[in-house]
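Here's the letter readout for the chains.
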Amino acid sequence: MGDDRSPTSSDQLRDFKERLNRAQASIRERDREAYGSSSAYSFGLRIATELVVAIAVGFGAGWGLDHWLGTKPWFLVLFIVLGAVAGILNVVRAAHSAEARRHLGIAESTSGDEPGSDRMERSRKARGRQGQEDGGNGERTG
Amino acid sequence: MATENVQAEHGGGLALDPMHQFEVTPLIKIPLGGIDAHFTNSSLWMVIGVALILIVMLASSRKLVPGRLQSVAELGYEFVANMLRDTVGDAGRPYFPFIFTLFVFILAMNMQGMLPGSFTVTSHIIVTFAMALAVFIGATIIGFIKHGFGYLKLFVPSGVPSVLLPLLVVIEVISYFTRPISLSVRLFANMMAGHTMLKVFGGFVVGLGVLAGWVPLAVMVAITGLEVLVAFLQAYVFAVLTCIYLNDAIHMHDH
Numbered sequence: 001m002g003d004d005r006s007p008t009s010s011d012q013l014r015d016f017k018e019r020l021n022r023a024q025a026s027i028r029e030r031d032r033e034a035y036g037s038s039s040a041y042s043f044g045l046r047i048a049t050e051l052v053v054a055i056a057v058g059f060g061a062g063w064g065l066d067h068w069l070g071t072k073p074w075f076l077v078l079f080i081v082l083g084a085v086a087g088i089l090n091v092v093r094a095a096h097s098a099e100a101r102r103h104l105g106i107a108e109s110t111s112g113d114e115p116g117s118d119r120m121e122r123s124r125k126a127r128g129r130q131g132q133e134d135g136g137n138g139e140r141t142g
Numbered sequence: 001m002a003t004e005n006v007q008a009e010h011g012g013g014l015a016l017d018p019m020h021q022f023e024v025t026p027l028i029k030i031p032l033g034g035i036d037a038h039f040t041n042s043s044l045w046m047v048i049g050v051a052l053i054l055i056v057m058l059a060s061s062r063k064l065v066p067g068r069l070q071s072v073a074e075l076g077y078e079f080v081a082n083m084l085r086d087t088v089g090d091a092g093r094p095y096f097p098f099i100f101t102l103f104v105f106i107l108a109m110n111m112q113g114m115l116p117g118s119f120t121v122t123s124h125i126i127v128t129f130a131m132a133l134a135v136f137i138g139a140t141i142i143g144f145i146k147h148g149f150g151y152l153k154l155f156v157p158s159g160v161p162s163v164l165l166p167l168l169v170v171i172e173v174i175s176y177f178t179r180p181i182s183l184s185v186r187l188f189a190n191m192m193a194g195h196t197m198l199k200v201f202g203g204f205v206v207g208l209g210v211l212a213g214w215v216p217l218a219v220m221v222a223i224t225g226l227e228v229l230v231a232f233l234q235a236y237v238f239a240v241l242t243c244i245y246l247n248d249a250i251h252m253h254d255h
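Sequence lines, in order, name chains A and B. Each residue of the first sequence is one higher than the one before, counting from 1 in our numbering. Each residue of the second sequence is one higher than the one before, counting from 1 in our numbering.
Isolated chain A, as found in the complex:
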């Protein structure tokens, strides 16, 4: 009796797993789209603050040095320029790392970020397939 039932139940189980994987993939897809647009918004804000803050830090450093050494405008002028350069450097770096993350590891980072991801997906097989899907998606949204 037990031998009779076990193949059907394992078949059922496989079928269920397939359906579950499909459903989870579609949910991930939908979530990722929402996540993509919202993270673009936050990424834009991040870029903006990065630029402004670097100039502010340059201003502060220049003003401090001037105050300390008594060379009134010169360090201020120099450090505002350097601050702007540092800001652009930060922006370029942020863009680079975002780009790298999108191409390499978005599969891991997004599936890790999704609160719905469970331990089963953590199996290597699922992960590899998911990576391919994500790569394609990354290209498209980019």
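Some hints could be false.
As the list claims (entries may be wrong) - In silico DSBU-like pairs for lysine-lysine, Cα to Cα no more than 35 Å straight-line: (1) K63/B <-> K17/A; (2) K29/B <-> K146/B; (3) K153/B <-> K72/A.
For the record, the hints were derived by calculation from the structure and aren't laboratory data.
Could you slot chain B onto chain A? The hints should help.
For chain B alone, kept in the frame of chain A given last:
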């Protein structure tokens, strides 16, 4: 024309004071020598937030099949654990409690700010700056402990002609010192801008009345949804950037 007048009247009056919500008022006065150690509404909401976190984290049962509360706690745990593993790797594990605390605290503060009448603690730059400064100083100390004075190599980019090197070192140092400020300003600006916007649109709803007030009301509903998203996202961004800075301190790969 008439509606405009009504709006102007209300706008000038007490209905539209979008910055009032950010006022810190002492509830219990604690004069500690010359130091202002009052228990303010800001402190009160911090305590409420921490109490809520403790309820979720401690009062939830420890079953194999989690209930709702335990699910929330476990999701939060896994979310931060995955984030830390993805950005820092296994070397980041000892710092998990700190990152987790930071993330959950900021998330709780941002989310309870979405309740009407509540106080958004993270909309004050001094709060976010204190947290960012702790992260910055902590990461710098960890860097120096792990690498000794070799950590200063972080400021020396490789493969650069020696003529340009002093200039680039100065730029790198400025770039490094922008970290705590951009980290704190981002969170603070997001929260404050969002809540001010909500209040301003709320003022429009009152000002335009029953006839035209529906339009800003619809916008407000949309903005409220966005604000919930921003509340989560900014907590996430703060935590993930902390992880990135930690990663720089531990692994120190030149960018």
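Discussion item. With the threshold set at 35 Å, check whether the alpha-carbon distance from K63/B to K17/A stays at or below it.
Written reply: Holds. K63/B to K17/A sits at ~24 Å (cutoff 35 Å).
Worksheet entry | Pair hint K153/B and K72/A, alpha-carbon separation not exceeding 35 Å | Given that 35 Å is the threshold and the Cα spacing comes to 31 Å, the pair holds.
Worksheet item: Holds or violated: K29/B with K146/B, Cα cutoff 35 Å?
Response: Measuring from Cα to Cα gives roughly 44 Å; hence the hint is violated.
Hint check: a violation occurs at hint 2 only; the rest are consistent with the structure.
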